[in-house]
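Please put together the full structure from these sequences, using the hints given.
In order, the protein sequence lines correspond to chains A, B and C. Residue numbering for the first sequence follows UniProt numbering, beginning at 1 and increasing consecutively. Residue numbering for the second sequence follows UniProt numbering, beginning at 1 and increasing consecutively. Residue numbering for the third sequence follows UniProt numbering, beginning at 1 and increasing consecutively.
Don't read these hints as lab results, they were simulated from the structure. Each hint should be verified, as a subset may be incorrect.
Unchecked claim - Some residues of chain B that are not near chain A, with every Cβ distance over 10 Å (derived):
| hint | residue |
| --- | --- |
| 1 | Lys-397 |
| 2 | Gly-602 |
| 3 | Lys-604 |
Unchecked claim - Facing chain A, from chain B, some residues (calculated, C-beta under 7 Å):
| hint | residue |
| --- | --- |
| 4 | Leu-26 |
| 5 | Thr-31 |
| 6 | Asp-43 |
| 7 | Phe-210 |
| 8 | Arg-293 |
| 9 | Gly-519 |
| 10 | Leu-688 |
| 11 | Gln-695 |
| 12 | Gly-696 |
| 13 | Thr-698 |
| 14 | Thr-699 |
| 15 | Thr-731 |
| 16 | Ile-738 |
Where is the CB? At the ideal position from N, CA and C, for every residue including glycine.
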Amino acid sequence: MRVNFKVNGRQQEADDVWEGESLLYVLRERLGLPGSKNACEQGECGSCTVRLDGVPVCSCLVAAGQVEGRDIVTVEGLADFARQRSESGCASGACGTSLQDAQDWQAKGTDSQTGEGTELSAIQQAFIDAGAVQCGFCTPGLLVAADEMLERNPNPSDADIREALSGNLCRCTGYEKIMDAVRLAAARQSEAV
Amino acid sequence: MASPSGTPTKITQGSRTRGGIGESTLRPDGTLKVTGEFAYSSDMWHEDMLWGQILRSTVAHAEIASIDTSQALAMPGVYAVLTYDDLPTAVKNYGLEIQDTPVLAHGKVRHHGEPVAIVAADHPETARRAAAKIHVEYRELPVITDEASATAPDAILIHENRDDHHSRHVPHPNIVHRQPIVRGDVTAARERADVIVTGEYTFGMQDQAFLGPESGLAVPEEDGGVHLYIATQWLHSDLRQIAPVLGLPEDKVRMTLSGVGGAFGGREDLSMQIHACLLALRTGKPVKIVYNRFESFFGHVHRHPAKLYYEHGAARDGRLTHMKCRIVLDGGAYASASPAVVGNASSLSVGPYVVDDVDIEAVALYTNNPPCGAMRGFGAVQACFAYEAQMDKLAAKLGMDPVEFRRLNAMEQGTLLPTGQPVDSPAPVAELLRRVKAMPMPPERQWESSEGADLRELPGGLSNTTHGEGVVRGVGYAVGIKNVGFSEGFDDYSTAKVRLEVVAGEPVATVHTAMAEVGQGGVTVHAQIARTELGVTQVTIHPADTQVGSAGSTSASRQTYVTGGAVKNSCELVREKVLEIGRRKFGSYHPAWATAELLLEGGKVVTDGGEVLSDLADVLEGETVEVEAEWRHRPTEPFDLRTGQGNGHVQYSFAAHRAVVEVDTELGLVKVIELACAQDVGKALNPLSVLGQIQGGTTQGLGVAVMEEIVVDPKTAKVKNPSFTDYLIPTILDTPTIPVDVLELADDHAPYGLRGVGEAPTLSSTPAVLAAIRNATGLELNRTPVRPEHLTGTQLSEG
Amino acid sequence: MDFLRPASWEEALAAKAEHPTAVPIAGGTDVMVEINFDHRRPEYLLDLNRIGDLSEWEVGEASVRLGASVPYTKIMENLRAELPGLALASHTVASPQIRNRGGVGGNLGTASPAGDAHPALLAAGAEVEVESVRGTRRIPIDAFYTGVKRNALAADELIRAVHVKKADGPQQFSKVGTRNAMVIAVCAFGLALHPETRTVRTGIGSAAPTPVRAKTAEEFLNAALEEGGFWDNGQIITPSVAKQFADLCSAACNPIDDVRGTASYRRHAVGVMARRTLTWTWESYRGDRRTIEGAA
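Quick look at the structure:
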């Protein structure tokens, strides 16, 4: 079957999709967006988290056919998504992302091989700075989930952070540096306001 | 054939980072990893590639009566279906030390999930459907699942006609390896004991549960060879095992390290490497294989489950008199790293304590259970769980404080291990215990808030099982010792190629090793070492591949020591060459070129007094200096097969933990409130990464204390929980704050005085949590993981 | 496999009538796992995501009509007052990502004894609104679960909504898992006080082939509360009554040993949860009474 939907602000079309394919498979194998990760494919680890019409979901549990006409943000588009959110005057969060907003933004093209000079969102930079990245396999899903939490709750308590990220498994870090990273991103965002 | 997408590229770090060793510089691959651009092995993609699928045995022990692949081969979109009969050479087995593992099953399967046939097709679903159409007829055999069934006189032999080097000294062919260690006179020492405690302990089968599944892409090459992009812990060890099976010389099997989504020992053995190469060579097309999580549980070895029988004695003053133990490790169907696990378990079975009179035996079994091998801290982890439980029992019996009791018996520099080897570097065991005990305690009843109980802070969490009812706090301590590096006479070396050149007027160092970066941050440290040794800012990390010599494994806490040491060594050799060039060019202009100790700093050649002699760019001026050299740590010796004596280890790592837990004693649910750690790291090359290793290792230890276990049905030897739904690892709500106190007492034998960091925290974390739960409940708890059933007396079935 | 994408409820019913083996997919949290792991290859997948009506709810006089696909996150956030037991249960469902997709319709359709919504629906009292091209019917929740992963739906029927009685008293939900988040129930317990009818209802999850009520325990407690005048005097429930209630709840279980827990643990844990949730709800009822009396 054919599926048309928007990914990171761009209209995409996937052809010859087998009906049992997940959104995750289509993103990774058909659209060249392997940033969302395939760690468990049963909704237990959160590594494949993307935003579906603004809402964080496990893309492994969304059937490809279900995203027809809908809007997806993946880790590859997170920096642009965050920048456009902040330019639209909502850097402090608490305003969420309306479906309209989610559909109106456009991702900027990046083709970085080394990553040098890449513009990052606050949460991405904080993950690097705080040492929250080791093997990095859980990182994309955590970033999408953490970014969305900070959008809703710009000043989270530690328990809030833990609750919001309880669907994202990490095997390397023991989560301490991930906690540090989210606290750091929250602090930087509140300073920036 | 064109390069696939996802091919790793050089990463240059420098414009924003200046740091050398000792600084918390940031990961060079950090930006790629947070933007989703970093390519893991499962992200590799090639035009026209096929998908590989493995058919695995549905039973644990059986003769294969027949395999019929005709229906699978007839399916449209299927390019190849291969079985044992299709293997191209006489080499049909592989293995780390003993080549006992069939590439594809021949005549017999020995464990649940063993590969029987492989398929390549144009879509993963086609490959799955085809695999399902392969008909395999099994004639089931009785299963061997424990020591009694393995060593019974009439036991079926898991491997007939063994001729490996351990087969000559084991008491039964179903024992992979046996290591006794005898020192002093236990019988006499036992007489001096005022108290004796014994215990029988069980350690469950833990899974590495790395998040990135086994995966890779094999691309056939025009010269008849193959290029494998792979996530592994040791490229050259893979190569050594792959090439003979393919019938190719090693230089026709090119290997490049893809992004690795965690390892923890689980990628030390081969998984899909040979299968992907076979399918690529057969079809002439690139073949990608990606395990799903279910398959991953069958695709790699696990931590050895163990039974441990201990006896300790102590005098009334608290001094240990003797120790006897017997450690039975279940290696499962294939040997993997079992011999080394036996070596670690036996030689470290006393723990970091002074005990002169010991009688030790460790064995690893062959059974029909899942194969077990390397996992973080292997051998030492299982022993630590048991000897630390013994220490608490002894302290209780003597009426002593458990920490003071341990400190009284703690080893120090110069103490002899049971193998007779002196510990020849600092062993601050008593100090680590003192430090971890001195850390402030977390507040009591932390769940209470003005709005009532915060469920997230209570056992059970948001599942709303308690608002404080039944909740009892407990505190426990543990300490452990882990060997660093490969032991027992293994030639443990690494290779580094370092180049220094001037690019756009600025000196740039390039570091090329075959070290597998699995997340530990080796690449960060290599850049730091190059900056420190060569005085440059910009360092390029070359992708790891087999175009450079072996780096050894990313395991045994060894990479910063050994490949770090190799990078340091090659940098020093580069520096010597650069200075030679400088002397040749500029020696006549300044006497210091000949007389002073010269360093490279800030892009310049300087004297040890700080005087600048030249810009590095002027010295090099179009020349490139490159050195590839091997570097090895001090040699070790095998343990004597009868007495266990021998200088088997090169370095040790020590960590201590204090666990604070809250237990809902009625429901048997546990919340770990805090897991404080003190560890000696010799020298923290990158303090941020050191903390990451300690906190990550601590959490894996927590996991196996309260939730992680692969459950194998003893009647069928089949795995009952191969999924993340039923094999649980700690979430962020299960993981407490982990305050860390880092001690840096240099090991003068090691580069910069460093000590391997990664494994020690995994050892003591588990027994500390268990001790805290015992403290809260008063229960004996001789197994890990501890389940709600064990805390509520409901472990037996009703029927 | 065919992927059917009805744009309206009527189209969905027609599709289900034409293809009774079609597997409905909404949040995907059960169906996609089965597909990803090759446990199921349905001939047709029937996507319900495009039917907006399924994600809506209406709060009426006596009950809430909850669309089958209203995500658990919305239930937690918006229906805490009306459906406190179900809101608590929703909060224990898997992870935030799953709660954003999954709804009660999926729990009911799969009818796994481990579904988190069941004990809360049993305790609150609910009816399942199902429809086919033949017409609509409402199935009482007590009659809905017919066996292990089996329910009372006919092959051509789809679940449209659940009608849950608005809480007239305190409700609680507890679930035991071997992890502090993101865990499938080893067993679960729901309890609702219904002061208007002076009754107590329960629901037990994962401790019998289907979700069940502990009816003998309810009857015992109803009688004991009535006899002791507890509903009027608001006294603390006698420990012996609470214990007897807990024991009867344990006795209502018919659990199995599996990799998640032993049968005897499940029976034990249900008893503990029954006692605790009774204490919490009763304390809350007493507190509410005092507040009302104080205000009057």
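Here is how each hint holds up against the structure:
1. Lys-397: holds, 34 Å
2. Gly-602: Non-interface label on Gly-602 (chain B) holds, nearest chain A Cβ at 22 Å vs cutoff 10 Å.
3. Lys-604: holds, 25 Å
4. Leu-26: Given a least distance of 6 Å, the restraint on Leu-26 (chain B) holds.
5. Thr-31: For Thr-31 (chain B), the interface hint holds, since the closest Cβ of chain A sits about 3 Å away, which is under 7 Å.
6. Asp-43: holds, 4 Å
7. Phe-210: With Cβ-Cβ at 6 Å, under 7 Å, it holds.
8. Arg-293: Holds, because the Cβ-Cβ distance from Arg-293 (chain B) to chain A comes to roughly 4 Å (cut-off 7 Å).
9. Gly-519: holds, 3 Å
10. Leu-688: holds, 4 Å
11. Gln-695: holds, 3 Å
12. Gly-696: holds, 5 Å
13. Thr-698: holds, 6 Å
14. Thr-699: holds, 4 Å
15. Thr-731: holds, 5 Å
16. Ile-738: holds, 5 Å
Every hint, counting from the list given before, is met by this structure.
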